[in-house]
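From first to last, the protein sequence lines are chains A and B.
Numbering-wise, the first sequence is residues 21 to 219 according to my numbering.
Numbering-wise, the second sequence is residues 21 to 219 according to my numbering.
In short, the hints are calculated from the structure, not lab data.
Treat the numbers as computed from the prediction; the structure is a model and nothing was measured.
Among the clues, some could well be false.
Given that identical chains are not distinguished, each listed pair holds provided it fits within a single copy or across any two copies.
Claimed, not checked - In silico lysine to any residue, SDA-like type, Cα no more than 20 Å apart, as pairs:
| id | residue 1 | residue 2 |
| --- | --- | --- |
| 1 | LYS157 | ALA171 |
| 2 | LYS22 | LYS75 |
| 3 | LYS22 | SER117 |
| 4 | LYS22 | GLY152 |
| 5 | LYS22 | ALA211 |
| 6 | LYS43 | VAL112 |
| 7 | LYS43 | ALA93 |
| 8 | LYS22 | PRO133 |
| 9 | LYS75 | LEU217 |
| 10 | LYS22 | ALA209 |
| 11 | LYS43 | GLY184 |
| 12 | LYS157 | GLY68 |
| 13 | LYS22 | TYR120 |
2 protein chains.
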Amino acid sequence: MKLSPKLAFLIDALRALPGVGPKTAQRMAFHLLQEGRPGAQSLVSALGAALVCVKRCRRCRMLTEEELCSLCASAQRDATLLCVVESPADVVAVEQSGGYRGLYFVLMGHLSPLDGVGPEQLGARELEALLGEGSVKELILATNSTVEGEATAHFLSELAARCGVRASRIAHGVPVGGELEYVDGGTLAHALSGRQLLG
Amino acid sequence: MKLSPKLAFLIDALRALPGVGPKTAQRMAFHLLQEGRPGAQSLVSALGAALVCVKRCRRCRMLTEEELCSLCASAQRDATLLCVVESPADVVAVEQSGGYRGLYFVLMGHLSPLDGVGPEQLGARELEALLGEGSVKELILATNSTVEGEATAHFLSELAARCGVRASRIAHGVPVGGELEYVDGGTLAHALSGRQLLG
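This is chain A alone, in the form it adopts within the complex (with noise of 0.2 Å):
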């Protein structure tokens, strides 16, 4: 059936968020439309004020609409760490972890050249600008475990030497709480060739 031309964009519209395909983007329409009505209005201005304010970091390029983000602007944290992650998502799931207290750098992707990702979209030469003023110690790579993930990661490392800092990677192996029995053959493997002597 034709629904009515405004209504019609709005469903289209939905369809640009994330995971949301026509059936989808119909049920929030109608919701948004209906009993949502007071929600849809603070999306409206929420959203169009994110668009208009909200930038990358100048420094780890994480979103924010100051300057600097509230970690790099933060004082308490350990300068001397910078970790380098794909995504801003994968900053709040490290945050939320608990278990880091330096900097961050968000390379917003992975290296994909045919998808005209290389080194330069990812900030590369912002990264080496910030090696090159001499407080970071350690650069730790927690880009995905992926084939491309892994390929920004070597890179990264590469980068690192030439500025004479240490890289290190993040442990791959068995999650915490994980039953071998289930752990699949690549993670395993993983595990066992980074295994670590006790005492």
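Starting from the known structure of chain A, arrange chain B on it as the hints suggest.
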């Protein structure tokens, strides 16, 4: 970690969407502010415009930006049939089935006294006025097959009787293409008691 205020506000606002929890909202926000910026811009304008323009059809209460929705305004539809559904999504679903050429009446909910939803909120008065016009010969009750949907259907069948209009309920039974073995008991009982003589 503390995200910048406008970012946190956006993540919060996205939770107004049905079925979107904190993690999905965060993923959506980061996506909209990075590679999804053009889509985000059109979402802002589409949702803004829809909130201002889209209201209910004067006759059937379907969402539309005109006085009458495209179905009510059409001369091609059979005005002697009126199908009562709970939501605009149900109109779309029935239309897509292709098996119906009559008109609709959208309740925008079902009877739910505890939530303050009575006949008034479901447009019972408007429906009664519509039936009073005399063109509708059959009221098809296509509310959901839930306790509330059945109660609503029962209420509407009495309303139809008062107006001297024949009421019918859509058939419940085994889904087409469904295997008996996997159909739940309630549905199977319905399918048996609603059996029709052949030939």
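Violating hint indices (sorted, rising):
Violated hints: 1, 4, 5, 7, 8, 9, 10, 11, 12; rest satisfied.
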